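Visitor: So you can see what is in the structure, the chains are spelled out below.
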Amino acid sequence: MTQVTQEAAAASQPFVMDTVFWTATTIFVLAYAVIVSEKVHKTVVALFGAALMLVLKILEQYEAFHVEELGVDWNVIFLLIGMMTIINLMRPTGFFEYIAIKSAKAGKGDPMRIMTIFALVTAVLSALLDNVTTVLLLAPVTLLIADALEVDPVPFLIVEALASNIGGTATLIGDPPNIMIASKAKLDFMDFIYNLTPVVIVLMVVLLVVVKIVFGKKLKTREELKERIMQMNEKEAIKDPLMLKKSLFVLGLVLVGFVFHGTLHLQPATVALFGAGLLLLLSGTHDPHHYLAEVEWPTIFFFIGLFILVGGVVKVGLIKLMSMKMLDLTQGNLFATSMIVMWFSAIASAIVDNIPYVATMNPLIIDMAKQMWPQEAGLALLRHPDLMPVWWSLALGACLGGNGSPIGASANVIVVGMAERAGKKISFMRFVAYGFPIMLLTVFISMIYVWLRYYVLKF
Amino acid sequence: MKAKDVMEPITETLSPETTLKEAVNRMKVARRGEGWTGVKGMIVLDDGKLAGIVSIKDILRAIIPSYMRLTELGEFTWDGMLEEMTKKVAGKKVGEVMTRDVITVSEDAPLMECADLMVKHSLQRLPVLDKDKRVVGMVYIRDLYQAIVQALLDKEGE
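Those protein sequences? They're chains Z and B, same order as listed. The opening position of the first sequence corresponds to residue 1 in the working numbering, with each subsequent residue numbered one higher. The opening position of the second sequence corresponds to residue 1 in the working numbering, with each subsequent residue numbered one higher.
Quick caveat, the hints were computed from the structure, so don't treat them as lab data. It should be emphasised that the depicted structure is a prediction, and the values quoted were computed from it without experimental measurement. Hints are not guaranteed to be accurate.
Every beta carbon over 10 Å from chain B, so not counted as near; a handful from chain Z, in silico [as the list claims (entries may be wrong)]: (1) V29; (2) G94; (3) L282; (4) F301.
Chain B is faced by these chain Z residues, among others (derived, beta-carbon under 7 Å) [claimed, not checked]: (5) E97; (6) P140; (7) L143; (8) L144; (9) E236; (10) R421.
Simulated restraints on C-beta separations [stated by the list, open to error]: (11) Z:K424 / B:I148: 43 to 51 Å; (12) B:K133 / Z:H41: 31 to 39 Å; (13) Z:D287 / B:I56: 31 to 39 Å; (14) B:G74 / Z:L56: 50 to 58 Å.
Where a beta carbon is used, it is the ideal one built from N, C-alpha and C, also for glycine.
Make a model of the complete structure from these sequences and hints.
Guide: Here's what the structure looks like:
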C-alpha cells in the first residue's frame, strides 16, 4: 500500500473497539493521568507514551512524522523553536530589563501606577512574544521594585501572571493553545487579530479596573522610596546596543511577516525560522550552541510526545468516539457547542496543562466538523463559517482558563516559583483567590462576546 | 608532604541551628593560631559529623536577593540595600545558607590533590577528614602557598 492510500484508509476506517483500540486508549489515559499527577516529569511521560504508540505499531513512524492528521505538528514545533531562538539572542542585550525599569519610572514610583503599567507591558509582550519569557524577565524586576518601594510583591506578581495569560490570548503566537489551534484549523495571524484581540482589549480594561478597586487603597509607599526608582537609569540596562538594534530589526521584520503570512502564503513557522536564522547570522556568533541550547527543549519534546500520543488515539478512533458523544450532547447546536467548549476548556485548563488539552480537542473538533458537514473537506471544512466560533471559544477558554489556578499556566508556575525563592510564598489558595474570580469574569465576558459577535450580530 | 602535615587545627565550629547573626559574630572573634583574630569560613557540625561549611561567600549569597541572580539588575540597586537585606536575613539559620556538598580531603591526601581541588572548585579551605570521617583539621590556601615558598627556597638552597 502506498502512503497516500494508507492515509486515506486510516481516515475513512470505521473504528472497531479491538485490542489496538483499548491498548491505545490505555496508553493515552495512563499518560495523561501520570502527567496530571506530576509524579514523573511531563516530558518524560509524553515521550515514553509516544514511544509505546510507535513500538506497539498503533501508529507507524511514517504517520507520526509525516502525516499531518496523525503526527507531530512541525509547524507548532518550529514556530516555538524559532521564537525561542530569537528571544535567546535578544535576552543578553538587556532590552527587557530596560523596558521594565522604564515602566517603573513611567509610573513615577507610585505602586498602583507601576502595577497598571507592568500589567499592560506584560500583556503586550505576552501577545507578541510568549508568556513564559515575558514573566521570566519581568518578575525579577518586579521583585526588585517591590523591595525598593517596601511593598508586598505578591499582588504585582499575580497581576502580571493574569495579564500575561490574558494578553497571550490576543494573537496567534501569544499562547501555545493559539499556536496549536492556528496550525490545525489553518487560521492565520490576522484571523486572531480580528477575532480575539478586540475581546482581549476589553478583558485587559476589566482586569485593570478590578486591580484598581482591589489594590487602589492598599498600595502605598513613602516619597523617599519613590526616589530609589526615579534615580535608576534604565539606559544602563542595555548591555549590547548594536545587537539590540539588530534584534529589534529582526523582531519587527518577524512581526510584519506574521501580519502578512496569510497573504504571502508563508507558514508562521517559516516566518519564525527565517527570523531566527537571520538574527543568528547578524549576531556574528561563532558559538550558536549556547543560544540553541537555551531553547526550552523539554517543552518542545513535550509537544512532540503529545502529538504522537494524540495521533495514536485519533487513528484508533477514540477521538471520533468522543466527538460523536459531544454531538449527541449538543444535538448539533453550534452555539451550545461553542459555550460548552469555552467553559469546559476554561475549567479543564485551570486544573490541567492546557497544552495536552488543546492537543486532544483540536482533532476532536475536526472530527465533529466532519460528521456535521460530510460533503466538505480541506479548508472549506476546517474554516467552515459555522465552525469558526467553536475555534475561538476553544482558544478563549483554554487561554483564559489558565488564570484559574497557580498550575493553570506556565506563567503562573514561574511567578509562584520565583516568589517562593524570594521568600514570599504564594499559597495555592492565595493565587486562586485572585485568579479564579478573574477567570470566571473574563470567560463570562468572552461568552457574551462570542454570542453577540457570531450568533447575534454575525460579523 | 600530605594534608595532615600542613593542616591547621579546628578550634571553633558552628551548628546548623546557629543564626546568621551569631555565626557572623563567632567568625569575627574566632582565633586562628597565634595573633590571628577572625576567620572567613567555618565548618558546621551536626552531631559531631560534618554537615556543611559557611564562608563569607555563602553569607553574601544569602543576603543577595534571589531575583538578582536571575537577571542583570546590579545597576538598579540603591545605597543602603545591602545593609537592609542583611538585616532581613540576620535570623536565618546556618543550616539554610551553608554549602552542603563540602569538598574534603583525607589526612593522607598529597598536596597536589589539595591544590587541584582548590583551583577546580575555587576554594579557600579544605576540611581534612580521618578514616572515621571526622574533621581533624583544615588546609588553607595559604598553607599550600607556604609549601610552594618552601619548595622554591629549598631548591635555591641546593
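Visitor: Each of the hints needs a verdict: does it hold here or not?
Guide: Results for each hint:
1. The beta carbon of V29 (chain Z) is kept farther than 10 Å from every beta carbon of chain B, the shortest such distance being approximately 38 Å.
2. Taking the minimum C-beta to C-beta distance to chain B, about 6 Å, the non-interface status of G94 (chain Z) is violated against the 10 Å cut.
3. Every C-beta of chain B lies more than 10 Å from that of L282 (chain Z), the closest at about 22 Å, which supports listing it as non-interface.
4. With 10 Å as the threshold on Cβ separation, the claim that F301 (chain Z) sits away from chain B holds: the shortest Cβ distance comes to roughly 24 Å.
5. The beta carbon of E97 (chain Z) is positioned within 7 Å of a beta carbon in chain B (closest approach about 6 Å), and the interface hint is therefore held.
6. Here the hint on P140 (chain Z) is kept, as its CB sits about 4 Å from the closest CB of chain B, short of 7 Å.
7. For L143 (chain Z), the suggested interface contact is upheld, since its CB lies about 4 Å from the closest CB of chain B, less than 7 Å.
8. The criterion of a C-beta within 7 Å of any C-beta in chain B is met by L144 (chain Z), whose closest approach is roughly 6 Å, and the hint holds.
9. With its C-beta approaching chain B no nearer than about 4 Å, E236 (chain Z) sits inside the 7 Å limit, and its interface hint holds.
10. At about 4 Å, the closest approach between the beta carbon of R421 (chain Z) and any beta carbon in chain B falls short of 7 Å, and the interface hint on this residue holds.
11. As the Cβ distance of K424 (chain Z) to I148 (chain B) is approximately 48 Å, the hint placing it in 43 to 51 Å holds.
12. The given range of 31 to 39 Å is respected by K133 (chain B) and H41 (chain Z), whose C-beta atoms sit roughly 34 Å from each other.
13. Distance hint for D287 (chain Z) and I56 (chain B): a CB-CB separation of about 34 Å, consistent with the stated range 31 to 39 Å.
14. Between G74 (chain B) and L56 (chain Z) the C-beta distance comes to about 54 Å, which sits within the given range of 50 to 58 Å.
Figure legend: structure checked against the earlier numbered hints; the only hint not met is number 2.
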